[in-house]
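4 protein chains.
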Amino acid sequence: MNNWNDLQKALVDFRDERDWEQFHNPKDLALALSIEAAELNELFLWKKSEEADVQKVKDELADVLAYALLLADSYKFDINEIVLNKIKKNAEKYPVDKSKGTSKKYNELE
Amino acid sequence: MNNWNDLQKALVDFRDERDWEQFHNPKDLALALSIEAAELNELFLWKKSEEADVQKVKDELADVLAYALLLADSYKFDINEIVLNKIKKNAEKYPVDKSKGTSKKYNELE
Amino acid sequence: MNNWNDLQKALVDFRDERDWEQFHNPKDLALALSIEAAELNELFLWKKSEEADVQKVKDELADVLAYALLLADSYKFDINEIVLNKIKKNAEKYPVDKSKGTSKKYNELE
Amino acid sequence: MNNWNDLQKALVDFRDERDWEQFHNPKDLALALSIEAAELNELFLWKKSEEADVQKVKDELADVLAYALLLADSYKFDINEIVLNKIKKNAEKYPVDKSKGTSKKYNELE
Chain A
2 MNNWNDLQKA
12 LVDFRDERDW
22 EQFHNPKDLA
32 LALSIEAAEL
42 NELFLWKKSE
52 EADVQKVKDE
62 LADVLAYALL
72 LADSYKFDIN
82 EIVLNKIKKN
92 AEKYPVDKSK
102 GTSKKYNELE
Chain B
2 MNNWNDLQKA
12 LVDFRDERDW
22 EQFHNPKDLA
32 LALSIEAAEL
42 NELFLWKKSE
52 EADVQKVKDE
62 LADVLAYALL
72 LADSYKFDIN
82 EIVLNKIKKN
92 AEKYPVDKSK
102 GTSKKYNELE
Chain C
2 MNNWNDLQKA
12 LVDFRDERDW
22 EQFHNPKDLA
32 LALSIEAAEL
42 NELFLWKKSE
52 EADVQKVKDE
62 LADVLAYALL
72 LADSYKFDIN
82 EIVLNKIKKN
92 AEKYPVDKSK
102 GTSKKYNELE
Chain D
2 MNNWNDLQKA
12 LVDFRDERDW
22 EQFHNPKDLA
32 LALSIEAAEL
42 NELFLWKKSE
52 EADVQKVKDE
62 LADVLAYALL
72 LADSYKFDIN
82 EIVLNKIKKN
92 AEKYPVDKSK
102 GTSKKYNELE
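Line order of the protein sequences matches chains A, B, C and D. Residues in the first sequence are numbered from 2 upward in steps of one, following the numbering used here. Residues in the second sequence are numbered from 2 upward in steps of one, following the numbering used here. Residues in the third sequence are numbered from 2 upward in steps of one, following the numbering used here. Residues in the fourth sequence are numbered from 2 upward in steps of one, following the numbering used here.
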């Protein structure tokens, strides 16, 4: 097992055993995702990166991924496709010659 | 191409062409992830789920996934492993008989 | 006591008794604020507004305000001034005749 | 003008001129607050605190405060009261002798 379809199936099974689909509208799934993202960030609060507890990072990142996969599933998005398409769009917003070595946002690039 | 590793490679190539690894410490990657999660949520703000622009949902969810994959890569996490492990932990926190049909948090279950 | 300077003083005293100023750089204060904002949002997750626990909303909103006040204090911002200035800017972005009765973002107004 | 109530009045007037109260349920106000908090955090992304644009910090922090004040107004909370009460609760969770000089979370204090 090495792809997101299998992970999505495991997540959907977990959800359906608990009859939770009734709560999982896209708006609340996106909200759940951002709450998990905040819990992930809390592991770095008042700290440097290397001081974060790696096992906890695993768990909180897994929660973020779980809601991202459930949200993608609810729209029947092809994850491969949406990520590769976004990389293409970002390549246009951030041309190599203008964005190399700078963290500036695309609307601040010269 | 249908797995995490290939997407991670595409994202790392994009990053390295721009010499951005110097900015991508885990703390800032987690922060970037939560900012993208907020942009995803903004698509649902003041709206019902079905009123959100689906194309924009694709793009913002892709950005969330991109940072999640880059963060996992920076720690060399195995995505399948961390998500499946977290599902197991959640199965203990949310036993089917107590959590079926309710959206209560695990510490509020009776 | 009825203004933010007195609240800021109470918060700074709390902080200084614990010798926490060393952790309170603006970047981490802003991060703490967004984590508290997520905890506030969690009270509404999978729910309608009226189902949220009002006492918990009080507590989480207070935490958000606390970090907002500490961040303002760290920059010596005048809260009155920054909020009133932003209202003026927003009045230009959202003219009454174009934005009345619509939740559209300013860049989508016609 | 130097208190919360006057700022809340200015914000409510702005809202009512645009007939926006219909969108401002507590769940969406909390969501808006967290989106503004993310925009505030974006000013620090990939940067040290002192590299953030101070004028932009003013504007984004003002937006956070605006939604916090509108949310408090929607519940008719007394801001002084909720913040002072939370400081008292936090003083119990973080006793000076155990929390002095450490950034540990209350459930990790010994």
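Check before you lean on any hint, since a few could be wrong.
[Unchecked claim] List time: in silico DSS-like cross-link candidates among lysine-lysine, alpha-carbon distance up to 25 Å:
1. C:Lys-48 / B:Lys-49
2. C:Lys-59 / A:Lys-87
3. D:Lys-87 / B:Lys-106
4. B:Lys-99 / A:Lys-87
5. A:Lys-90 / B:Lys-99
6. B:Lys-106 / B:Lys-94
7. B:Lys-105 / C:Lys-57
8. A:Lys-94 / D:Lys-48
9. A:Lys-10 / B:Lys-99
10. A:Lys-10 / B:Lys-48
11. B:Lys-94 / A:Lys-101
12. B:Lys-105 / A:Lys-90
13. D:Lys-10 / A:Lys-48
14. C:Lys-59 / D:Lys-90
15. C:Lys-106 / B:Lys-57
16. D:Lys-57 / C:Lys-90
17. D:Lys-49 / A:Lys-48
18. A:Lys-101 / A:Lys-77
19. A:Lys-48 / B:Lys-99
It is worth saying that the hints were derived from the structure and are not from the lab.
Against the structure, the hints:
1. At roughly 13 Å between alpha-carbon atoms, Lys-48 (chain C) and Lys-49 (chain B) fall within 25 Å of each other, so this suggested pair holds.
2. With a CA separation close to 39 Å, the supplied pair Lys-59 (chain C) and Lys-87 (chain A) exceeds the 25 Å bound.
3. Taking the CA atoms of Lys-87 (chain D) and Lys-106 (chain B), the gap is about 23 Å. The hint holds against a cut of 25 Å.
4. Distance check on the hinted pair: Lys-99 (chain B) and Lys-87 (chain A) sit about 41 Å apart at the alpha-carbon level, beyond 25 Å; violated.
5. Restraint check for Lys-90 (chain A) and Lys-99 (chain B): the C-alpha separation of about 45 Å exceeds 25 Å, so the hint is violated.
6. Straight-line distance between C-alpha atoms of Lys-106 (chain B) and Lys-94 (chain B) comes to about 9 Å, which keeps the hinted pair within the 25 Å bound.
7. Of the pairs offered as hints, the one joining Lys-105 (chain B) and Lys-57 (chain C) holds, with about 15 Å between alpha carbons and a cut-off of 25 Å not exceeded.
8. As the CA atoms of Lys-94 (chain A) and Lys-48 (chain D) are separated by approximately 21 Å, the hinted pair is consistent with the 25 Å bound.
9. A threshold of 25 Å between alpha carbons decides the hint, and for Lys-10 (chain A) with Lys-99 (chain B) the separation of about 22 Å falls inside it, so the pair holds.
10. Restraint check for Lys-10 (chain A) and Lys-48 (chain B): the C-alpha separation of about 29 Å exceeds 25 Å, so the hint is violated.
11. Between Lys-94 (chain B) and Lys-101 (chain A) the alpha-carbon distance is near 46 Å, which puts this suggested pair outside the 25 Å criterion.
12. Simply put, Lys-105 (chain B) and Lys-90 (chain A) have alpha-carbon atoms about 40 Å apart, too far for the 25 Å limit, and the pair is violated.
13. With a C-alpha separation of about 39 Å, the suggested pair Lys-10 (chain D) and Lys-48 (chain A) falls outside the 25 Å cut-off, and the hint is violated.
14. For the suggested pair Lys-59 (chain C) and Lys-90 (chain D), the alpha carbons sit about 12 Å apart, so the restraint of at most 25 Å is met.
15. About 14 Å separates the Cα atoms of Lys-106 (chain C) and Lys-57 (chain B), which keeps this hinted pair within 25 Å; it holds.
16. Only pairs whose Cα atoms come within 25 Å are accepted, and Lys-57 (chain D) paired with Lys-90 (chain C) is accepted, the gap being roughly 12 Å.
17. With a CA separation close to 13 Å, the supplied pair Lys-49 (chain D) and Lys-48 (chain A) stays within the 25 Å bound.
18. For the suggested pair Lys-101 (chain A) and Lys-77 (chain A), the alpha carbons sit about 35 Å apart, so the restraint of at most 25 Å is broken.
19. Pair hint Lys-48 (chain A) plus Lys-99 (chain B) does not hold up; C-alpha atoms about 37 Å apart against a cutoff of 25 Å.
In this structure, the earlier hints numbered 2, 4, 5, 10, 11, 12, 13, 18, 19 are contradicted, and the remaining ones agree with it.
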